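Engineer: Below are the chains, spelled out letter by letter.
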Amino acid sequence: MIDAQWLHIFAGATFAGFAFGSARNRANSKRWGNMAFWALLAVSFWFGDLLGDVGNGVLVLALVALAGMHFLGRSSGGSTSDEERERFSERFGNKLFLPALIIPVTAFAGTLLFLYTPLKDSGLIDAKSVTLVLLGIGVIIALLVCYLWLRPAALAAVDEGSRLADSIGWALVLPQMLASLGAVFAAAGVGTTIGALASSIIPEGSIFLAVLLYALGMVVFTMIMGNAFAAFPVMAAAIGVPILVHQDGGNAAVIGAVGMLSGFCGTLMTPMAANFNIVPAALLELKDQYAVIKAQVPTAIPLLIANILILYVAGFRL
Amino acid sequence: MIDYWPLLGIALVVVGFALRFNPLLVVATAAIVTGLLGGMPFMKVLAALGHGFNQNRNVTLIYIVLPVIGLLERHGLQQQAKRLILTMKRATVGRLLIVYLGFRQVLAALGLTTVAGPAQTVRPLVAPMALAAAEKEHGALDDETAEHVQAMSAATDNVGLFFGEDIFLAVSSILLIQGALAGFGIELTPFELSVWAIPSAICAFVIHGARLILMDRKLGRGR
Chain A
132 MIDAQWLHIF AGATFAGFAF GSARNRANSK RWGNMAFWAL LAVSFWFGDL
182 LGDVGNGVLV LALVALAGMH FLGRSSGGST SDEERERFSE RFGNKLFLPA
232 LIIPVTAFAG TLLFLYTPLK DSGLIDAKSV TLVLLGIGVI IALLVCYLWL
282 RPAALAAVDE GSRLADSIGW ALVLPQMLAS LGAVFAAAGV GTTIGALASS
332 IIPEGSIFLA VLLYALGMVV FTMIMGNAFA AFPVMAAAIG VPILVHQDGG
382 NAAVIGAVGM LSGFCGTLMT PMAANFNIVP AALLELKDQY AVIKAQVPTA
432 IPLLIANILI LYVAGFRL
Chain B
9 MIDYWPLLGI ALVVVGFALR FNPLLVVATA AIVTGLLGGM PFMKVLAALG
59 HGFNQNRNVT LIYIVLPVIG LLERHGLQQQ AKRLILTMKR ATVGRLLIVY
109 LGFRQVLAAL GLTTVAGPAQ TVRPLVAPMA LAAAEKEHGA LDDETAEHVQ
159 AMSAATDNVG LFFGEDIFLA VSSILLIQGA LAGFGIELTP FELSVWAIPS
209 AICAFVIHGA RLILMDRKLG RGR
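Residue numbers (the working numbering), protein chains in the order written: chain A, 132 to 449; chain B, 9 to 231.
Be aware that a few hints might be false.
Unchecked claim - Covered stretches of chain B (in silico footprint by chain A; criterion: 3 or more residues with CB under 8 Å from a CB of chain A, positions within the stretch not fixed):
hint: 1; segment: 41-49
hint: 2; segment: 55-63
hint: 3; segment: 94-100
hint: 4; segment: 104-113
hint: 5; segment: 135-149
hint: 6; segment: 214-227
The set of hints was computed from the structure by calculation and includes no laboratory data.
The structure presented is a predicted model; accordingly, all values stated were derived computationally and were not measured.
Where is the CB? At the ideal position from N, CA and C, for every residue including glycine.
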C-alpha cells in the first residue's frame, strides 16, 4: 500500500537534491549553510521516526542555529536568462502549461477516481493520505514529461529546485516549526490559561456582546497561535458552549461553523500563519515580508464583521 | 488562581516578530521558555518540540513540487503566462483574480485544497498573469504597485481557500468542530456544520471581489 511513508521517502530525496543543488551553486557565498539546512530536512523526512523525540528536538535546534546565525543565503545564478526564457516561451507556447497542470489534475481526478470507484477498497493507496500521495505521483509524472519533452541538462531539476528552495530559505520550515510550537503551548497549558482569561471577562446579559467577545477571542487567539484549529477548542470551552449554546440557547451548528470562520479572518492577519502569509511573500520575492498580510487585512475586517452578524442573526434570531 | 506565566511565551513571539529577529529563532525560544515556565524540565520541552516537528512533516511536504515549477520557469513558463494574458482582450487584473477566487473557492469546497497554492499556482501562473494584465491595461508599473498586485494574487489564493474549504464535509476543520462540540455532548453531523460555511463563503466572494474591482479602478486612476 502506498502511504505517507512513501511520500516521506520521496520528500527526503527531494530535499537531499536541494542540498546537492545548493552545494553545486558556486554563485551563493553561503552555499554550505544552505546545503546543511536542506540535508537536515532530508534526514528528518527519511529517519524522523527513528530519531526519537529528543533526537528530533536536537535536529530542530540545529535548523534554528543555522537560520538564526544567518548561515543561509540565496543567489540568482545558474538558471536561464530572461532573453532565453522569452525564446523558450515562443518555441514551446501554451504547451508549457501542461506539465504544470499535470500535478493538480492528477491530484484532482485521481482523488475523485479513488474515492468514488472500487479502487477505494483495493488497498492500493492509504485512504487517509490519498490526495497527498496523488500529488506526489503527479510530481513524478510531470518530472518525467519535462525531461522527455524539454530535454534539459541532467541535473536541471536539482538546480532549479534548489534555486527556488534557496529563495524561500528558512521560511520554508517556519510553518512546521509553528506547528511544533503549538504542541509545546498545548503541553504547557497555554490554551487553558487563555480560556480561563476569556471566560473571566464575559459580560452578563447581552447576547450580542457575548457573540462579539467569542468572535474576537477566536480572532486574537488565532493570530497568536497562527491557526484557528488551536483556538477553537479553547474558545468553544470558554464562551461558545457554556454561554452561547447553553445559557443563551444559540444554534450550536452556527456557533461552531461560523466561530471557526471568524478565526480564519484572524489567520489572514497574522505572521504566525507563516505558510499562508510569509512563505508566499518569500516565494514571490517581495521586498516587504508582510506585503501579503497587508493585502489581506482590508478583506479580513469587513469579512469578520459579516461573520459576527451571521453568528448573531443565524445563531439567535432565525 | 490562573497561572499566567506560560503566556510570557506568547509575549516573546509578539516582541520577537515585531523586532524582526529571525522567526525560527523566535519560535524556538518561545517554545522553550513557555515549556520551562509551564513547569516542564528542559529535556521534556526538547522532546515535545521534536515530537511536534516530526508529527507535522506533512506541512513541509508540498515543496516536492519545486523542481517541476523550477524546470518550467527555466523554459519560460512565467513569460508564457504573460503572453497568454496579453491575447485576452477583456482581461483585467481584477477580473482575472475574481475568476481565480471563484475557481479556488469551488475547488476547495470539493475538498481539493492542495491542488492550488502559493507554490503550485500563485508563483508560476497567477502572479505573472496578474502582473501582465495590469501592465497591459495601465502600462509599466512602479515597484510598489507591482508588489501590491503580486501580494493581492497571494491574498486571493488564501481567501479562496479559507472560505471555500469548510463547505466540504470531510475537511479537517469541520471534523475538529464536530469533535470539539461532541466533547461537550453536542452531537452534530458534518453536513449540519458545513452548510453554515456557505453564507460566509458568499460574503468572502463579494467582499474580496469588490476590492479587486476597486483595485482595477484605482490602477486606472493612477495614470
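Engineer: State whether the coverage of the segment 104-113 of chain B by chain A holds or is violated, taking the criterion as 3 or more residues with Cβ-Cβ distances under 8 Å.
Structural biologist: violated (count 0)
Engineer: Test coverage of the segment 214-227 of chain B by chain A using CB-CB distances below 8 Å; three residues minimum.
Structural biologist: Coverage by chain A holds for the segment 214-227 of chain B (3 residues, Cβ < 8 Å).
Engineer: Tell me if chain A covers the segment 94-100 of chain B under the three-residue, 8 Å CB rule, please?
Structural biologist: It is violated: at least three residues are needed, and the segment 94-100 of chain B offers just 0 whose Cβ sits closer than 8 Å to chain A.
Engineer: Please verify the coverage claim for the segment 135-149 of chain B: does it have three or more residues whose C-beta sits within 8 Å of some C-beta in chain A?
Structural biologist: This one is violated; 1 residues, fewer than the three required, reach chain A with a Cβ under 8 Å.
Engineer: Count the residues of the segment 41-49 of chain B whose Cβ falls closer than 8 Å to any Cβ of chain A, and tell me whether that reaches three.
Structural biologist: holds (count 6)
Engineer: How does the coverage statement for the segment 55-63 of chain B fare against chain A, requiring three or more residues with Cβ below 8 Å from a Cβ of that chain?
Structural biologist: holds (count 9)
The structure shown violates the earlier hints numbered 3, 4 and 5.
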